[in-house]
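> Residue-level listing of the chains:
There are 2 protein chains.
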Amino acid sequence: MENRYSRNRLYISAQEQEVIKNVPIILGGAGIGSVIAECALRLGFENITIIDGDQVEESNINRQNYTFEDITKDKIKALENRLKSINENANIKVHNCFLTEENVELFILGHKIAINALDFTSDVPLLFDKICQKNEIPVLHPYNLGWGGLVTVICPTGLSLEVLEKETNKFTELDVVEYATGYSKFWGTPHAWIDEIVDKYKKENGSLPPPQLSIASWILAGICTHLLFNIATEKEYKKFPEFYLSTILNN
Amino acid sequence: MENRYSRNRLYISAQEQEVIKNVPIILGGAGIGSVIAECALRLGFENITIIDGDQVEESNINRQNYTFEDITKDKIKALENRLKSINENANIKVHNCFLTEENVELFILGHKIAINALDFTSDVPLLFDKICQKNEIPVLHPYNLGWGGLVTVICPTGLSLEVLEKETNKFTELDVVEYATGYSKFWGTPHAWIDEIVDKYKKENGSLPPPQLSIASWILAGICTHLLFNIATEKEYKKFPEFYLSTILNN
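Those protein sequence lines, which keep their order, are chains B and Z.
The numbering used here puts the first residue of the first sequence at 1, with every later residue one more than the last.
The numbering used here puts the first residue of the second sequence at 1, with every later residue one more than the last.
Here chain B stands alone, though its shape is the one from the complex (with noise of 0.2 Å):
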């Protein structure tokens, strides 16, 4: 194992480490993606291609992967920079523009891994989803709910997040929250502060994007990482409907 990687063994044979370093993952979406992409390339995941047409804001700074002086400029070339200079050897693909219906299927064909960190603002999202699961990549979706992280994989053969879709509004993220605390108040842990959240959220009106915290942006970070890991290796994890909900809060 490469000295880089001296410190992953035990949990991570020198085989599994050659296998993350060659499968191809594409990571639509440069916001949370920012954090999950560092935490992947350390684990050892070198072969990363990211799309992403944003420029860094003075309000991203609060947890995305980017400083003070990379404000106003492409985050996918900050976001480059930063992971070049973790390992300059792996292969970092960047593309600097938005996902659309016309390109989405270019960029994504060649790919093993998919996540999804898209804003919902447009058809795109659910299309990536489409078009990984007709070329049987698994798709990861991260979900920032400030003091926690909610992850759900689709898969090839399973269901799409289309199922959650209701006939009156078009699918957005808040769609997928609600399913999540449904589902675990029906299970017995209710999250009484995810629904007090979405409450407030709702109550602005859609005047300003939701509120993000760095919590959830490590902790889902560390998730997604290892969920990748499982995957490439093939391992078992949890398949949407689904899903992974970490917070230290218990009520």
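Simulated from the structure, these hints should not be mistaken for laboratory data.
Treat the hints with caution; some may be incorrect.
Any copy will do: because identical chains look the same in the list, a pair fits if it lies in one copy or spans two.
[Said to hold, decoys possible] Only pairs whose alpha carbons sit at most 30 Å apart, straight line, appear in this in silico DSS-like list of lysine-lysine:
{"id": "1", "residue 1": "Lys-235", "residue 2": "Lys-203"}
{"id": "2", "residue 1": "Lys-73", "residue 2": "Lys-21"}
{"id": "3", "residue 1": "Lys-235", "residue 2": "Lys-202"}
{"id": "4", "residue 1": "Lys-200", "residue 2": "Lys-21"}
{"id": "5", "residue 1": "Lys-202", "residue 2": "Lys-21"}
{"id": "6", "residue 1": "Lys-73", "residue 2": "Lys-93"}
{"id": "7", "residue 1": "Lys-170", "residue 2": "Lys-203"}
{"id": "8", "residue 1": "Lys-84", "residue 2": "Lys-73"}
{"id": "9", "residue 1": "Lys-200", "residue 2": "Lys-235"}
{"id": "10", "residue 1": "Lys-134", "residue 2": "Lys-21"}
{"id": "11", "residue 1": "Lys-21", "residue 2": "Lys-203"}
{"id": "12", "residue 1": "Lys-21", "residue 2": "Lys-112"}
{"id": "13", "residue 1": "Lys-185", "residue 2": "Lys-239"}
{"id": "14", "residue 1": "Lys-185", "residue 2": "Lys-238"}
{"id": "15", "residue 1": "Lys-235", "residue 2": "Lys-185"}
What you are looking at is a predicted structure, and each value in this text was computed from that prediction instead of being measured.
Use these hints to put chain Z onto chain B, whose structure you have.
Structure of chain Z alone, referenced to chain B:
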């Protein structure tokens, strides 16, 4: 609320943001401490003192907050640069030395919350806790278990880790880990994977430092930042002998 923290809204009030900005935190050790510091700073903890006399090694990169260029440099200087790049106005104080029986009390005084992220290779980590207890400073103890993070908080009026000390051996991190798995097993949620790793590690006879992954580092940073918030704003949290053990592995 400052624009930098605008996305903390709904979760964190303007008053709470001000409290965490000013509460002085001391971090003993810039290993896992380097990841915690960044997550905490992004949330809004702007008053952080860090002490470590170590230099960055290539084998740190798999899980600590350093770049390839940082190798051979003083950890504390590299970390100061990173934290200042995120918020140059934050009050980041670094001390490029190791804590000793002689200096540890001087460094601790004046702080309100402590993080004990020191290597258990001397009596200093337990002395660190003792001085914090005497001065009414809660102490977070994060432990990197590869696939998951373990955190316990030593409180001024509570038990200390010395209750876990065995007569035959010097106290080490392993005692905390074995206590936590024994406790989990007793309460019906066994973590066989931790027992397995502890077993493998013991067979190495201390010839190598403990293995650690980025997955646990990132999860621990999220949990410790949440605990810092709860302590600073006087919310509830579990205290030793209770603990937080976070992982997506469920056996």
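> Please go over all the hints and tell whether each is borne out by the structure.
Checked hints:
1. Lys-235 / Lys-203: between (42 Å within a copy, 25 Å between copies)
2. Lys-73 / Lys-21: Answer is both: 29 Å inside a copy and 27 Å across each meet the 30 Å cutoff.
3. Lys-235 / Lys-202: between (38 Å within a copy, 25 Å between copies)
4. Lys-200 / Lys-21: Intra 43 Å, inter 24 Å, cutoff 30 Å: inter-copy only.
5. Lys-202 / Lys-21: Only across copies: Lys-202 and Lys-21 sit 28 Å apart there, 42 Å inside one copy, limit 30 Å.
6. Lys-73 / Lys-93: Both. Shortest intra-copy (17 Å) and inter-copy (29 Å) distances satisfy the 30 Å Cα cut-off.
7. Lys-170 / Lys-203: within (18 Å within a copy, 56 Å between copies)
8. Lys-84 / Lys-73: both (17 Å within a copy, 18 Å between copies)
9. Lys-200 / Lys-235: Intra 39 Å, inter 20 Å, cutoff 30 Å: inter-copy only.
10. Lys-134 / Lys-21: within (25 Å within a copy, 48 Å between copies)
11. Lys-21 / Lys-203: Cα proximity of Lys-21 and Lys-203: across copies only (28 Å, versus 45 Å in one copy).
12. Lys-21 / Lys-112: So Lys-21 and Lys-112 pass the 30 Å test inside one copy only (12 Å; across, 42 Å).
13. Lys-185 / Lys-239: both (19 Å within a copy, 26 Å between copies)
14. Lys-185 / Lys-238: both (18 Å within a copy, 23 Å between copies)
15. Lys-235 / Lys-185: both (28 Å within a copy, 23 Å between copies)
In summary, this structure violates none of the numbered hints.
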